[in-house]
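If you read the protein sequences in the order shown, they are chains X and G.
Sequential numbering from 1 applies to the first sequence in this note's numbering.
Sequential numbering from 1 applies to the second sequence in this note's numbering.
Worth flagging that the hints you see were computed from the coordinates, not collected in a lab.
Because the structure is a prediction, the values reported are computed rather than measured.
Fair warning: there could be bad hints in the mix.
Listed below are several chain G residues computed to face chain X (Cβ distance under 10 Å; list not exhaustive) [as the list claims (entries may be wrong)]:
#	residue
1	Met83
2	Ser85
3	Gly88
4	Ser89
5	Thr100
6	Leu102
By construction, the Cβ of each residue, glycine as well, lies at the ideal position given by its N, Cα and C atoms.
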Amino acid sequence: MVEIIKIEHKPPWLVILNRFSGNKMGIVGTVLILCLIFVAIFAPLLEPYSYKEQNVEMISEPPSFSHLLGTDDFGRDLLSRTIRGARISFVVGVLSVAISVLIGIVIGCIAGFYGGVVDLVLTTIADLTWSMPAILIALLFVAIIGAGLESVIVAIGLSYWAQYARLVRGQILSLKSAVFIEATKSMGASDYVILFKHLLPNSISPVIVAATIGIGNAIVLEATLGFLGMGAQPPTPSWGAMMSNGTAYLFIAPWMIIFPGLAMMITVLGFNLFGDALIDIMDVKNRESI
Amino acid sequence: MSFLKVSDLKVEFQVDKKTITPIENISFEMNEGEVLGMVGETGSGKSLTAHAIIGLSSLVGGKIGGRILFDNQDLLMLSEKNMQSIRGSQIAFIPQNPMTSLDPVYKVGDQIVEGLYKHTKINKRKAKQQVIELMGSLRIPKPESVFQQYPHQLSGGLKQRIVIAMGLCNNPRLLIADEPTTALDVTVQAQIMRLFKEMALERGIGLFLITHDLGVIAQVCDKVVVMYAGNMVESGDIETVFNTPKHPYTKALLGCIPHLGMKQGTLSAIDGNVPSVGTYPSGCRYHPRCMHSFSPCQNNIPELMQIESGNRVACHLFQEKNDC
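Here chain X stands alone, though its shape is the one from the complex (with noise of 0.2 Å):
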């Protein structure tokens, strides 16, 4: 009789948990993001002042023990608004992308898996938004559809889509002549129930780590319209925005741009990071150990 191998029952996320303990720049990634999300969450309680209360006295004054990171040109509290705007780019970040995922999921699907002028025509549609830098098309959008914080976060998901169709697209062509797909088909399986019951969840994988390193992307398209005074209006501070001010005063008030300029880069690191570990841990070549 044949004898089944025997395994160690691990639940999944206690194998994956393993192999991150392993890897200290995912660590470092990590717990970079759980800081960012924290912060964004519990954003009002952490803000020892309000993020818009303006304070005449107060005007650019460089970091202090009651302001300790400084205040901006209307004497508010630099601090306050760089925490406040961690929400506002995870936020953004996190929406942007799963608008990216979504479309960039469903036209690599239809063109991986049905082939031919569809793909063609998709696959055409992609390469070109993909041939276009994402700040252009960011910028086209906002000005369709105006500037505020949703239009922004809709014109990046519709600029960076065209990655994920690629990935997806890649992914279901090499595995629609899988055997076990032919399997499925001689069960008599339907058109939809190989696509998303058994191809999509095959290929979901390295969507996940470009989803990841993605959202870093867009935090970085987010400031870029708010540098250009596109993304969230006044006074909601947005990163970008708040470094654009700055530059106004970069010799006198070097703080307004620093500090939301540091908190970015933490922030954008911090998902490079994590993304590059899941790489590392979500590799097939790297697999046999589960």
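Dock chain G against chain X, hints included.
Then chain G, alone, in the frame of chain X:
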């Protein structure tokens, strides 16, 4: 009464504006509860024949000719939707490699249940119960715990049993197994083959077995079809074909099997290789390698003929006699 009747099956592909026909002139019949073996070298069109019967993906872009009568309905005339309802319920297919035939992201039990759901109206608990029973009857040890496992946690033999269970879960009438034991080692092969034979006898399933292993054919099959380069060269009852092979290729194939107690240096091999699709020689496709080839072999395609012993053979050696 024959419930699967394939006649003049032919598959054509367009490659670079050239038409190639990987399989041609395939005709055979099989009855319920019968095991039909199809044997041939790699590239002789065995898998393609199976795929043509069930209408699978490798045929995309191909043109299928001839008739495939299953219960007196022509499968080639059915719409994709009707074909989907036949696949898995009436005709089940077991693909070549059990190692890659299971979706890595689902528990094996759920994959069998999925197949069951597709064709049978049944509630969840009952379906699970039924699948576990089926797994038990296929001698899967501790079916309850195997049900909960992922494909990578199982050995090859167990995976093959799971794949067989997927094929059997809807009580199909015809089971097509495409080299089901190639990826397994010999001891497991024997168990799986015995299992197949039992299934065919107990459930009255017609089993269409594709293999390149003559030993397997001899063990379990009732009838055999010998394929060469996309053509049928010989077919008939297993005893007739094995005891009195007529076609030179069948003879040569049987001569290649080593026996216990053979003297050193007596194991023969067939010279040359199977021609690849598109480079098939004219006339009888076997003639360049055939020891008995003579003038008609080069130009005329031999037809499949019934001869006295009961075999059907496509060879000029026998057609000459009939003509006289």
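Restraint outcome when Thr100(G) is required to lie within 10 Å of chain X by C-beta distance = 4 Å, holds
Can Ser85(G) be said to touch chain X, with a Cβ gap under 10 Å?
-> The hint holds - Ser85(G) has a Cβ within 10 Å of chain X, the shortest such distance being about 6 Å.
Given hint Gly88(G) near chain X, where the shortest CB pair must fall under 10 Å = 3 Å, holds
Holds or violated: Ser89(G) as interface residue toward chain X, Cβ cutoff 10 Å?
-> With Cβ-Cβ at 6 Å, under 10 Å, it holds.
Status of the Met83(G) interface restraint (C-beta, 10 Å, chain X) = It holds, given that the least Cβ distance between Met83(G) and chain X is near 8 Å, below 10 Å.
Is the hint on Leu102(G) kept, meaning its closest Cβ partner in chain X is under 10 Å away?
-> Holds - the Cβ of Leu102(G) comes within 10 Å of chain X, reaching about 5 Å at its closest.
When each numbered hint is compared with the structure, no violation occurs for any of them.
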